[in-house]
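Undergrad: Given the coordinates of chain A, assemble chain B onto it according to the supplied hints.
2 protein chains.
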Amino acid sequence: MSDAPLAGLRIVECATYVAGPSGGMALAQLGADVIRVDPVGGATDYRRWPLAPGGASLYWHGLNKGKRSVAVDLRAPAGQELVTALITAPGAEGGVFLDNNVRRAWLSWPVLSQQRADLVHVHVEGHRDGRPAVDYTVNAGVGIPDMTGPEAAGAPVNHVLPAWDLLTGSTAAVGLLALLRRRDRSGEGGLVQLALADVALAAVASLGWFTEARLAGRNRPRHGNHVYGSFGVDFPTADGRRVMVVALTRAQWRALCQVTGTDEVFQALQVALGVDLDDEPGRYLHRETIAAILRTWFEVRELGTVNALLEGAHVLWGPYRTALDVVRDHEAAPAASPLTDHFQPGIGPVLGMGTPLRLGDAAAVPAPAPELGADTSAVLADVLGLTSTEIGRLHDRGVVASPGTG
Amino acid sequence: MSDAPLAGLRIVECATYVAGPSGGMALAQLGADVIRVDPVGGATDYRRWPLAPGGASLYWHGLNKGKRSVAVDLRAPAGQELVTALITAPGAEGGVFLDNNVRRAWLSWPVLSQQRADLVHVHVEGHRDGRPAVDYTVNAGVGIPDMTGPEAAGAPVNHVLPAWDLLTGSTAAVGLLALLRRRDRSGEGGLVQLALADVALAAVASLGWFTEARLAGRNRPRHGNHVYGSFGVDFPTADGRRVMVVALTRAQWRALCQVTGTDEVFQALQVALGVDLDDEPGRYLHRETIAAILRTWFEVRELGTVNALLEGAHVLWGPYRTALDVVRDHEAAPAASPLTDHFQPGIGPVLGMGTPLRLGDAAAVPAPAPELGADTSAVLADVLGLTSTEIGRLHDRGVVASPGTG
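Those protein sequences? They're chains A and B, same order as listed. Take the first sequence: its letters are residues 1 to 406, numbered as in our numbering. Take the second sequence: its letters are residues 1 to 406, numbered as in our numbering.
So that you can see chain A by itself, here it is in the shape it has in the complex (with noise of 0.2 angstroms):
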C-alpha cells in the first residue's frame, strides 16, 4: 500500500474498546503504520464479547485491522521508557500518539512534550472534566433513548450501535490529521482533547434537536419507525419480509405514488384535507394516514416483486436485514456485496472491509488484526533501532512480550 495516502506516517495508539481503536483504524486502512501498544496479556478490551468458539474476541479484531501489536509491561519503569521512545521517535513521519481513556502521568501530554515538543497527541475521555463516560452512559445523556421506539414505549430505548464512540473514534481521526497538518506546515506539534460526551452534546445540537425542545417547551414525542418531519416508515410484506421507504423530495414523493397507483388516492385527500402532501410537513403531519394508504400495496407483495417495481420506479426505500441476512446475501453473491470474507489468524475467516473511503473502484481487501506482540520485536528494531540481543534481553526481563513468550 505504499501509494496509500497516509503511507509512512507513524502513530503509536493506547486505547481500548471502540473508540480510540476505531479511530487508528481508520488511519492503519488508509496507509498510517497504526503500533497498537497493549500491556503483556492484553488490555480490558481483549476478550470482549462476541468472541469465536475458540475464544479470541470478533469485536478486538474487528477493531484493530491492519495494525502492529507491541506488548509491554506498563507498570515497569524499563516498559513505560520503551513506549515513550516509540511515542517520541524522532522523524517528520513518526511523533504522533492517539490515546484513549488514559490517565497515567508518564503518558500525559506534559511529560511526552518535553520529550519531543512537537509530538501531536489526541486525548479521548469520557467528559471533558476527566469523568469516565461510555457511549451507552452518553446517550442517555443526550435525549436519544427518549425519542427512540414505539410510541407506546413508555421508558426510554438504548440504541444498540455504539453511534458515539465510533464518531468519537472519526473525530479523533480527523483532530489527529489537522494537527499533523499544521505541524508540516508550521513544525507546531499540540494535544487535542475530545470528550464522548461532547461529540455527542455537539451532534445533537447540530440537529437542532435541543433548541427545538426549548422553543416547544415539551420534548418530541416517540414516533415509532416514522423519519422525523418527513415521510418515512416501514412496511411489510407478503413473505414476512418488512421494507423501510422515504419520501424527502418531491421527486421521491411522486415516484412512490406512482408506482403504488396511489396518485389519484392521495389528489384527493390532499383536497379533502387541505394540505399539500407535495410538501415535507404536510407528509409528516399525515404520516399516519399515508401509511395506512400505502401499507395494503406493500402486503400483497413480496420482497422480490416489491424490489423490482421500487428500484424501476427510482423510489428511496431498502429492505430490512438481520444480521444472518447480510451473511447470507453476501455469500450468495460475494462479487457484489462490498464485504469480504478475508483470514484472520486465531480465528479463521471473517466477514470484513478495508476502508470504506475508495480510491479505485476495486474494493480493498482488509489486512488482518495483529496477534497481541506479533510485532513487538520488529518494532523495537526498525523505530528505536534496538539489536537483537537487546531484545531479548527485554523479553527475558518480562518488560516486552511476543506470541509464546508473554
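Because the hints were derived from the structure by calculation, they are not lab data. Don't be surprised by glycine CBs; every beta carbon is placed ideally from N, CA and C. Not one of these hints is a red herring.
Label-pair restraints from in silico Cβ distances:
1. 381/B x 104/A: 48 to 58 angstroms
2. 270/B x 288/A: 45 to 55 angstroms
3. 130/B x 216/A: 32 to 42 angstroms
4. 108/A x 77/B: 51 to 61 angstroms
5. 267/A x 296/B: 56 to 66 angstroms
6. 75/B x 285/A: 23 to 33 angstroms
7. 274/B x 104/A: 33 to 43 angstroms
8. 154/A x 329/B: 18 to 28 angstroms
9. 110/A x 270/B: 39 to 49 angstroms
10. 292/A x 271/B: 50 to 60 angstroms
11. 285/A x 251/B: 46 to 56 angstroms
12. 267/A x 130/B: 23 to 33 angstroms
Selected chain A positions facing chain B (in silico; Cβ < 10 angstroms):
13. 147
14. 197
15. 206
16. 244
17. 281
18. 338
So these bits of chain A aren't anywhere near chain B, every CB distance computed over 12 angstroms:
19. 85
20. 105
21. 393
22. 405
TA: Just chain B now, kept in the frame of chain A:
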C-alpha cells in the same frame, strides 16, 4: 482563528442533509474556509424540520455553522462556470471539493480534474453502485433495528439518531485530510468515493456482529436496554428519573457492589450459581438476576442521592435526560455546560457547540451559520478576483444571488 489547524485551507462543498454538511462543518470548525454552494433559494434541505417559529430550519443552520454561503443558478451555464472556477481555482490551499450525492456530470471528477489535475475530491453517495440510500434505509439493511428495543418488540426498531450520516460525514473529512496530506507531499490529487451503505457495513462488521451471526447460525436476540456481553442496564429512581449503570471492568463491578451494599449477596450468588461475576461473561449471562437485585437500591433513592453516592464510589453511570433536561441543565449552570447559547441570525439564540476537538481548555464558541448567499459577492471577489461591476452583472442576470436579491 488564524492559528486554527486548518487555517488557510479552502474547501468548496456541494452537499445536502447531514452527511456531507456535517463533514464540512467539522473542517470549518477547525479553521478551514468552507464555501457551501447552494442553488438560489436553497437546496432540498433548506427547510428541513425542526423549524424555528419564523420558519428557518434549526437543522440547516445547525449543520452549516462556520461556513460561507454562495448562492448560484446551477442550471445556467454561467453559474456552472463560476462553481467550476471556485472548485479548481489555483493555489496550494484550494482545489478541494466535497460533494454529497451530486450526480451532475459537470461536477464529476473526470470533468473537474481536467481543470485542475491535483484536485482533491471527496464524493459521498448512497450505495457504491450509485443507487440512492439514506440513513434510514441503510440502517435497516445492516441488522441494527432487529437488535434494538424491548425483548418483546415483534418488529424492527429504527434508531432516530442519523448515526450513519454523522459517521459518514466524519469519515469523509478523514478521507479529505488524508488525500490532502498526500497532495502536500507528492503533488498528486485524487478522487475518494464514500458510500453511506459501506460505512455502515464496515462498522457493524468491525464490531464482529456479522461473523457472530454466521458462527452461531442465528441472530442475536434483542436485549432491551442491556449492554451486550457485559453488565449494563437502566434503573428507575425514586423521583421518577432513570439512570444507566455499566460495569465493564472488574473495578467498575466491585465499586457498584460496594456502594449498593450487595457484595455479600453476589458472593453468595456466585457460589450458588457456580459463576464468576468478576468476569464480563458471568455478569452478562446473569444480567437479569443482577439487575433484579440492584433495582431495589435505586428505586428507593432519588437521583441526587444516587448521583452523590455513585460518583463518590467511582461507579460508571449516567442519568437519562430528555432534550428538555439537557436544556434545563445548561440553563441552570451555563458555565459548566459544554454547550453554548449563541446567536444565530435569522433564528435567535440557539444551543450549539464549536468543534468538540479542544485545542485549549476553553470551549469553542461556534460561529453561526451563514445566511443563504451571504458570501456570494465576497467569495467571487476574493477567490475569483471578480470586480464589483462583474459581480453586479452576475446578480442582475440572476446567475448568482445574495440575501435580498434572490
